[in-house]
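A.B. asks: Chains as they are written, first to last, in numbering that gives the first Met the number 0: chain A, 0 to 155; chain B, 0 to 296.
Be aware that one or more of the hints could be misleading.
[What the hints assert, rightly or not] DSS-like, lysine-lysine: derived pairs with alpha carbons at most 27 Å apart: (1) 213(B) x 41(B); (2) 88(B) x 213(B); (3) 2(A) x 41(B); (4) 41(B) x 28(B); (5) 193(B) x 28(B); (6) 2(A) x 193(B).
The set of hints was computed from the structure by calculation and includes no laboratory data.
Residue-level listing of the chains:
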Amino acid sequence: MAKRIQVRVNGRPLDAEVPDHWLLLDVLREVWGLTGAKEGCGEGACGACTVHLNGRPVRSCLTLAAWADGGEVTTVEGLGEPGRLHPLQEAFVRSGGFQCGYCTPGMIMAAKALLDDGIPADEAAVREALSGNICRCTGYNKIIDAVLEAIREARA
Amino acid sequence: MRLPGFELREPETLEEAIDLLGRYGGEAKAVSGGTALFILMKHRYLRPRVLIGLRRLEELRYIRPSEGGVEMGALATHRQAEQSPLLRKANRLVAEVYREVASPPIREMATVGGNLAFAEPASDPAPALLALDAEAALRGPEGERRVPLTDFFIDFYETRIGPTDLLTRVRVPRPAPRTAGAYRNFRPASVEDKTLAGVAVTLTFEEGIQRCVKAGVAVGGVLPSPRRFPEAEEVLAGSDLSDGAVEAAAERLGAALQPVSDAVASAAYKRGLAKTLFRRAVQASVASARQGRFLEV
């Protein structure tokens with residue numbers, strides 16, 4: 000069975016004809032060409048596929064494409080673009096919060112959920128927010144630094 | 000990793016969902032958050048012909064007061080439970096254990112009903128809900144029946160939910176006055192690893208907080224399914240919770256536990272671990288009670 004879904008992705012209305020068993024990650028990457036969200040583990044453990052669905056962070060590798068029908072999805076492509084980065088992206092660049100970059104879109108989207116909550120966030124809260132995102136290159140300190148810096152800027 | 004093919008049905012009402020389950024019987028699986036079921040399907044351990052997606056049943060996405068206690072609709076997410084102002088006031092232990100599960104984005108997706116229905120042996124919420132005398136409501140073609148969680152879990156990933164039943168809500172009764180509690184767990188490495196052992200303890204005290212009148216003890220992780228241990232509860236209840244009494248209860252717990260040896264740890268290691276977590280959960284509960292921090296604020 001297939002179904003036509005309509006989703007507002009990064010502010011743009013998109014649609015696609017997708018089989019019932021397709022995941023949001025499948026349609027983002029393979030139909031709409033949005034390759035920011037990555038597949039890592041495919042089981043929700045690594046966080047590389049994190050996007051926002053209706054304002055909340057979710058694993059696109061465990062979310063049916065059908066569940067996004069009629070909703071809003073934000074991927075890392077929706078945050079900024081070259082020359083006009085989101086403050087979180089700027090902070091990652093300044094802090095050197097990545098090496099290979101595979102985990103970065105997921106890290107950024109998980110961190111953005113914390114910023115969007117708007118509640119005061121200390122280092123423990125940042126570590127908690129990123130606890131489901133795995134990076135195999137940097138160690139996590141620079142990533143944590145970047146998010147803390149973005150939080151300080153958002154408050155200033 | 001792709002999911003195997005299936006037909007997705009998304010009922011708009013609970014009645015319709017029950018109808019569909021009745022119609023497809025064993026060929027269909029109900030799914031809410033998908034964080035557990037989809038992993039098994041990706042590995043082809045399960046290949047249901049029909050999936051009944053429950054996300055439109057907004058009527059099941061609540062946490063509300065009920066009969067003096069609290070009730071969580073099956074579709075309430077872990078995140079909702081963790082952040083619920085009602086739970087934080089009415090029964091902190093429930094809010095605390097949902098925060099123990101995986102990571103924030105998973106908790107946005109995973110539901111209270113899904114967690115119990117999946118019957119993960121290493122579930123963090125299950126031992127606390129068991130120790131708190133929670134009961135699940137199952138709705139089938141014949142109507143609704145309430146099942147105490149102590150009768151709910153049968154074996155590895157197996158519960159009393161029949162092929163045409165839907166778990167609709169979980170009720171946690173109001174804790175008796177002067178009841179404190181704690182949950183202590185151990186995970187081998189990162190937060191994404193499963194809990195190897197988890198122990199929930201509730202202690203109800205006499206006035207003056209010297210003597211314990213009632214205890215709840217439940218263990219998850221080291222067994223085929225989470226379970227309560229009246230053997231240890233009997234020793235705590237009526238005692239002054241002295242070191243000697245707690246040790247005697249730990250010994251009883253250790254003797255009653257039949258852990259499963261596996262690639263992660265031996266039965267002996269798991270038994271020792273469960274006893275240690277039990278002592279810590281008792282100590283934390285006693286410390287809370289002495290500070291006047293009870294489950295209900």
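A.B. asks: Decide if the proposed pair is consistent with the structure: residue 213(B) and residue 41(B), CA atoms, cutoff 27 Å inclusive.
C.D. replies: 45 Å, violated
A.B. asks: Taken at face value, is the distance from the CA of residue 213(B) to the CA of residue 88(B) at most 27 Å?
C.D. replies: 21 Å, holds
A.B. asks: Starting from residue 41(B), check that the Cα of residue 28(B) is at most 27 Å away, please.
C.D. replies: Cα-Cα ~15 Å, so holds.
A.B. asks: So if I understand the rule, the pair passes when the alpha-carbon distance is 27 Å or less; does residue 193(B) with residue 28(B) pass?
C.D. replies: The hint holds at about 24 Å.
A.B. asks: Hey, residue 2(A) versus residue 193(B), does the alpha-carbon distance stay inside 27 Å?
C.D. replies: Between residue 2(A) and residue 193(B) the Cα gap is close to 36 Å, so the pair fails against 27 Å, i.e. violated.
A.B. asks: Would the pair residue 2(A) and residue 41(B) pass a check requiring their Cα atoms to be no farther apart than 27 Å?
C.D. replies: Holds - the C-alpha atoms of residue 41(B) and residue 2(A) are around 21 Å apart, at most 27 Å.
Violated hints, in rising order: 1, 6; the structure is consistent with all others.
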